[in-house]
Each structure stands twice: as C-alpha cells, then as structure tokens.
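Asker: Top to bottom, those sequences are chains A and B.
Residue numbering for the first sequence follows this note's numbering, starting at 1 and increasing by one per position.
Residue numbering for the second sequence follows this note's numbering, starting at 1 and increasing by one per position.
Check the hints yourself; a few may be wrong.
All copies of an identical chain are treated as equivalent in the list; a pair is satisfied when it fits inside any one copy or across any two copies.
To be verified - With a cut-off of at most 16 angstroms between alpha-carbon atoms, the simulated EDC-like pairs for lysine to aspartate or glutamate come out as follows: (1) LYS79 - GLU57; (2) LYS29 - ASP70; (3) LYS146 - GLU191; (4) LYS249 - GLU191; (5) LYS227 - GLU57.
In case anyone wonders, no lab produced these hints; they're calculated from the structure.
There are 2 protein chains.
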Amino acid sequence: MANLNVPTFCLITGASRGIGRSTAIELAKVVAPNSSFYLLARNKAKLEETADVIKKELDGKIDVTCISADLSTEESATKLYNDIFENIEVARYSHAILVHNVASTGMSKFARELDGVQFLQRFLLLNVTAPIVLTSSFFSCFGHGKDSTRKTIIQVTSSNATTPYKTMHIYGMAKAGRDMFFKVMALEEPEVRVLSYDPGAVDTEMYKETYGTPDSEFLEQLKGYAKQSYFLQPEQSASALIKALQEDKYVSAEVVRCYDVMGMKTDFE
Amino acid sequence: MANLNVPTFCLITGASRGIGRSTAIELAKVVAPNSSFYLLARNKAKLEETADVIKKELDGKIDVTCISADLSTEESATKLYNDIFENIEVARYSHAILVHNVASTGMSKFARELDGVQFLQRFLLLNVTAPIVLTSSFFSCFGHGKDSTRKTIIQVTSSNATTPYKTMHIYGMAKAGRDMFFKVMALEEPEVRVLSYDPGAVDTEMYKETYGTPDSEFLEQLKGYAKQSYFLQPEQSASALIKALQEDKYVSAEVVRCYDVMGMKTDFE
Chain A
1 MANLNVPTFC LITGASRGIG RSTAIELAKV VAPNSSFYLL ARNKAKLEET
51 ADVIKKELDG KIDVTCISAD LSTEESATKL YNDIFENIEV ARYSHAILVH
101 NVASTGMSKF ARELDGVQFL QRFLLLNVTA PIVLTSSFFS CFGHGKDSTR
151 KTIIQVTSSN ATTPYKTMHI YGMAKAGRDM FFKVMALEEP EVRVLSYDPG
201 AVDTEMYKET YGTPDSEFLE QLKGYAKQSY FLQPEQSASA LIKALQEDKY
251 VSAEVVRCYD VMGMKTDFE
Chain B
1 MANLNVPTFC LITGASRGIG RSTAIELAKV VAPNSSFYLL ARNKAKLEET
51 ADVIKKELDG KIDVTCISAD LSTEESATKL YNDIFENIEV ARYSHAILVH
101 NVASTGMSKF ARELDGVQFL QRFLLLNVTA PIVLTSSFFS CFGHGKDSTR
151 KTIIQVTSSN ATTPYKTMHI YGMAKAGRDM FFKVMALEEP EVRVLSYDPG
201 AVDTEMYKET YGTPDSEFLE QLKGYAKQSY FLQPEQSASA LIKALQEDKY
251 VSAEVVRCYD VMGMKTDFE
C-alpha cells in the first residue's frame, strides 16, 4: 500500500474536463492538507470550475493554481514549464505527482492521406514532446535518485497503443511510443513510480470527438461501446486510478487497465 | 510466393550506408530490367557509391537516381517528396516499393534529461513525420484500392520497439509508435503489403554510434552483442529481408525478425 495522505505537489495537464478533471478531484480528496495542485489546460473558465470543486470539497486546505495555456506550442513546452517549477518550494512536499493526461486524437483522415507536416509536428508536440520536456522540468525540480523527493508519474495511455483501430493511426502511434518511452524511463529511474493507466472507454468529449472518424465501421464500433455496461463516467475511471495508486501493486510503466482494477469484464481485450 | 522479378519503382531512405545500402543492392538484384531506384540520404558521395554498385552489377538495366537531402527538415518532408513523385510514370511499373530505412538513435542523455523541444521535434520529423508524409506522397502517386499499382512498404523497425533498453528512450518510442501507425494502415489498406522488418543486431555505423550511450551497463551489453555469432553484416540482414518478401508469408505490419527468417537463435527475445 502507498500512503497518499501526505503533503503533495501535483501537476495535471488537460484538467479542464473529462478524465483530467476527475483525476484532479479524486486525487485532491486523498492527499493531505497543505498540498498544491497545478491545473493546466487551454480553457481557463473550465479549469476554474475544476479548481472550485477542489476548493469547496476540501475547505481550502489545498492550494490550487490554474494555468491556461495551449500546450501544443513550443513556448508552452519550454518556458511555461520552467516558470512553474522555478517557484516550487520542494521541501514543502513529501510526494510529487505529475499527471500526463492531455491528448488529442488527431483523427480526421485515413493514414494514407496524412500529408500535413506542420499538423503532424504539432500533434507530436502536444502528445509526445511536451510530456517529455515537462517530465524533464519535473526531475530538475524534485531531483532524481534515492535521496530525492518521492515521485509518481501518471501517464494516461489507451487500448489504441496495443490494438490497431482504423483511423486511430497517429493517436495509437503517440500512445504506443509514449508507453515505450516511459518503460525506458522506469528502467533508468527505479525509484520513480510510473503508472501507465488505460482509463477504458469513458464518457468524455474526446470520446465523442472520435465520432468524426471517416470510417463508418469504426464509428459503429465506437457507438456500440458507448452503450455497454463497461462504458464509464470519468469519476469511475479516476477512482480506479486512485485505487491502483493506493494498492501500489503495479509494475512501474507496465500498462494498468482500469477494467482490471475494477474487476470488470469487457468484450474486447 | 511473391514474384519480385517485375519492373519496379523503389524508393529507399538512408541508402548511403548500412542496412539501407545493402537493401537497395539486394533488391536491385531481384527486380526486372527497366526498374527505377531512388536513393535518398544526406551524403551524396556515399549515395553514388551505392548507385555505382547497382549500375555495375546490373549492367545498367536499372535507372538509379540519387537525391541528397537532409530528411530531418520540413522542406524535405513536403516539397522534396512531392517533387519526386510528380515525375513518376506510374504505368511503367508493376510494383512500387517504399523503404523507410533512415533513422537516428537520438541517444545521448537519460530520459529525465531530455529538455530540448527543438531537438525532439527534429528527431520526430526524421523518424516519424517524414515517413508518414512520404507514404502519403507514395499513395498519391500510385493510387490506393484494389485497382491501383501493387504496393509494398518496408519499414525498418527494431527490438527497441518492444524491449526497453536504458537510454534508448526516444528511439524505442519512435519505433514502437511507427509499428502501431503501420498496423493501423495495414487495417485500412488490406491490398498493400507492409513488411515491418527487425533487422537484428547489425554491424553498421549506427550500431557503433550507440556506443555513445551514457549508461555503462548498456554499453557493455551492446559490445557483447557485437561479439556474438548472431551479429550480422548488413548484406546478411538485407538478404533475409528479400527472402521474407519473396516467401510472402508475413502478416502485413506484424514485425518480422531477421533471426526468424534466418532460423537463427539468439540469447535475447
């Protein structure tokens, strides 16, 4: 078991909605007072809705900072992250958690039609490069090795990383690539815990965005999943994530499936 | 069995040395006269060495065009590819082969130290984005669907796509991501054959570049592999690739290991 009830630094990307918002709220419930949460996303109003839930439910015992930024620009991925970590009082926290949640599906064409270099590079910046440099800033701040602050990195992955679905080409690519990146990091940093979390099929705006697929067969499949008993609300998936963190039985950087944590059966792998 | 002895269009990236050069030469030996080979890489002199071998061995029966370009720039990944495919007489060829061979290891730091956005974006351009848009140009030229030109895409992958090795973070990430990208493409394009080829441990300049790893344990492992009987010369690995193409038993986009084609045992997976 891992004791999460300690003063905690936590940074979550894509915290304005969906799984990011629910993860921020569920995590805030289990950490100790004097924790600090940094919520990042583009939409400031929605970020503040997340912050309000945390502040109200927890009676102001947790500092919440909202940072509105487009994480798919080079400026965000360098200056922003350095700025955030420059002002952290490391000694205040017993545990530092970084949650790589933000993602985009990048889906609108078939793989053979992907001709936009700038579109692809921007997609990779948000989904791959920014998480890597954010992690680097996180390590610069909290140190590495045995005597550094206890650290947990949560990276949200997907079944698309291991199962090919039509038109989920670059999304699956980014998730598969990132899973491997963190497996290497877990080898290099045995004292850091990496939770590669597959949240399952979740009722989010992103899930509905995938209905824009140009493949009608896949669209039917997606709509079918959304009618199943294993189609989850964001807070259900976030609760299972917290359970996995608390039980602390996962192998660092091996994918943990929400459904396995919940003991729930699905009709797909 | 697949009949490779037909007039063939073939474009190979990274054809100036190593596995790319050997693949160009071994492929040229099995195609029919009136085939055209396009060799791409940065080093013009070395590209022309590859071209000379092909021209001499095959008595001028194959057109060889050398294109010297830095494939890690945005210009190459768009304009260059369009320019090449603009001038292709599609009707001349019965078979079109695209070989994604060029790659860089990107290895010099530990994963926690990767703070260079521009370095990472450039790495992803060469290893991921450029192959995707090159494939798109290839499809624009040769069409898609059942009535289009017969097409084979060879993409060189690595054991790093499935096995984490210290400091091989972004290399493994790019290979794992690209493998998934092509699995989705193979689903979308059932009439195209994708050979995801793991060439094994091969005596190339790239292999020696990995000796620059900052992890001494991994360095010893690499040097150990280089002394084993399964450490291959580039032409051995390229010959096995041709054998896999000819036998045509591979599942599109499932990884084919050189060692399995050769029936050779290794002391790793």
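Asker: One pair to classify: LYS146 and GLU191, alpha carbons no more than 16 angstroms apart. Within, between, both, or neither?
Answerer: The answer is within: 6 angstroms in one copy meets 16 angstroms, while 53 angstroms across copies does not.
Asker: As a check of your reading, is LYS29 near ASP70 (CA-CA no more than 16 angstroms) within one copy, between copies, both or neither?
Answerer: neither (27 angstroms within a copy, 52 angstroms between copies)
Asker: I want to check one pair: LYS79 and GLU57. Are their C-alpha atoms no more than 16 angstroms apart within a copy, between two copies, both, or neither?
Answerer: So LYS79 and GLU57 fail the 16 angstroms test inside a copy (32 angstroms) and across (55 angstroms) alike.
Asker: From the Cα coordinates, with 16 angstroms as the cut-off, is the pair LYS249 and GLU191 best called within, between, both, or neither?
Answerer: within (14 angstroms within a copy, 44 angstroms between copies)
Asker: Check LYS227 against GLU57 for me: Cα-Cα at most 16 angstroms, and say if that holds within a copy, between copies, both or neither.
Answerer: neither (31 angstroms within a copy, 62 angstroms between copies)
Consistency with the previously given hints fails for numbers 1, 2, 5, ordered from lowest to highest.
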